[in-house]
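Enquirer: Residue strings, one per chain:
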Amino acid sequence: MNKTWNNKAWFLVLPAFIVVAFSAIIPLMTVVNYSVQDTFGNNEFFWAGTEWFKEILDSDRFWSSLGRNLMFSFIILVIEIPLGIFIALNMPRRGIGVPICLVTMAMPLLVPWNVVGTIWQLLCRSDIGLLGYALARIGIQFSYASDPLHAWITVVAMDVWHWTSLVVLLSYAGLVSIPDAYYQAARIDGASRLSVFRYIQLPKMKRVLLIAFLLRFMDSFMIYTEPFVATGGGPGTSTTFLSIDLVKMAIGQFDLGPAAAMSLIYFLIILLLSWIFYTVMTSSDAET
Amino acid sequence: MDFSWMAWTLPTALFFATMIAFLLGMAVWEYVSPGGAPRIGILRFETTRGDRLFLSLLGSAYIHIAWLGFVNLDLWWATALSLIYAYCVFRLV
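Sequence lines, in order, name chains L and C.
Be aware that the first sequence starts at 1, since it is given in my numbering, and climbs by one per residue.
Be aware that the second sequence starts at 289, since it is given in my numbering, and climbs by one per residue.
Because the hints were derived from the structure by calculation, they are not lab data.
Note that the structure is a prediction, hence the values are computed from the model and not measured.
From the three backbone atoms N, C-alpha and C, an ideal C-beta is built for every residue, glycine too.
Check the hints yourself; a few may be wrong.
[Stated by the list, open to error] Listed next, the stretches of chain L that the computed footprint assigns to chain C, with coverage defined by at least 3 CB atoms under 8 Å from CB atoms of chain C:
hint, stretch
1, 23–34
2, 105–112
3, 170–176
4, 272–280
[As the list claims (entries may be wrong)] A short list of chain L residues far from chain C (calculated; beta carbon distances all over 10 Å):
hint, residue
5, Trp10
6, Ile18
7, Ala134
8, Pro179
9, Leu214
10, Pro235
11, Leu268
Please work from the sequences and hints to get the whole structure.
Expert: Laid out in structure tokens, this is it:
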């Protein structure tokens, strides 16, 4: 069959392109310009070439932040994806329980990031926080401000509380789309609960789980507000992720050149990971 | 309009002019030969010529970054390597 190609349709993309140009392309061009120069303010810039890129790639600070970010993303994915599937599997499929569960699950998603950070900061304080005080009463001195392990537990728990619901809702959407005929066939064959999950539910959820995985990875890799509000990147630099480090460098230290170089490297990492996930998702779509 | 806050330099302007030239070239190519020439190459999934340009540019950026971080030779060598890489992508991917 001959397809009709009409390239005039590209003009319809023009309004969106203009918006993207102002919100993304022009700032990106500016960042590229800053990354090869140095400035002390007053709109005066001095050519630095590739110096800032070399400095960033040679710095332990960058690699440590990147390592912490990858570790954080890995931990929250290992917790949130199985936990989200488990909760979705145990949610009711009919009756009054469905809207109650769905609304309850959606609530954490409606809380703004900075509020989540503040909630958990207060919750974990041993003097006035419910969780911190309760732990202190049973002999555990929980202090996210002085103990790096406690800070990590706080940041991970905060993210799990905030975002597991997203995995739950996506998994649930995948589960309810499975026709009853599949379950009836499984019952006739005498399939166990595990077999039903392994051979019916999991394959049918594959697509939504890929979306959940992609969204959670990208979001956790770019996380800023929650840990910044809760721990401020500390104690020391123990919860300083790439975005926090970037803001500290650009705004705190006013090192615009190194910060621009770092943000471009950060951008390239995200671009590569997005492309890999996109390719995996579209390839799996083509297979099904 | 004053664009001095964007801190333009000749090398970065040339870089973006090259990128725009690539995009315009691809647009003309698409107009002359529509469809994007999809094919399945060595990566075993379908790519169009736009995908191959994206892979070439992304790979070239990584080659340059890796060169700056780990190799103490002139950056033009990274550019030459990137051109070879882009040629391979357009031929094989």
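Enquirer: Each hint: holds or not?
Expert: Cross-check of the supplied hints:
Judged by the Cβ-Cβ criterion of 8 Å, the stretch 23–34 of chain L is covered by chain C as claimed, because 6 of its residues qualify and three suffice. Here the stretch 105–112 of chain L counts 0 residues with a CB under 8 Å from a CB of chain C, which misses the bar of 3, and the coverage is violated. Restraint check on the stretch 170–176 of chain L versus chain C: 0 residues with Cβ-Cβ distances below 8 Å, three needed, restraint violated. Look at the stretch 272–280 of chain L against chain C: 3 of its residues bring a Cβ nearer than 8 Å to a Cβ of that chain, three or more, so the hint holds.
Under the 10 Å C-beta cut-off, the non-interface status given to Trp10/L relative to chain C is violated; the minimum distance is some 8 Å. Taking the minimum C-beta to C-beta distance to chain C, about 15 Å, the non-interface status of Ile18/L holds against the 10 Å cut. With a minimum CB-CB distance of about 47 Å to chain C, Ala134/L clears the 10 Å threshold, and the non-interface call stands. For Pro179/L, the requirement that its beta carbon stay farther than 10 Å from each beta carbon of chain C is met, with the minimum near 30 Å.
Non-interface status of Leu214/L relative to chain C is upheld: no Cβ of that chain comes within 10 Å, the nearest being about 17 Å off. No Cβ of chain C comes within 10 Å of the Cβ of Pro235/L; the nearest lies about 29 Å off, and the non-interface call holds. Leu268/L, annotated as away from the interface, has a beta carbon of chain C within 10 Å; the closest lies near 5 Å.
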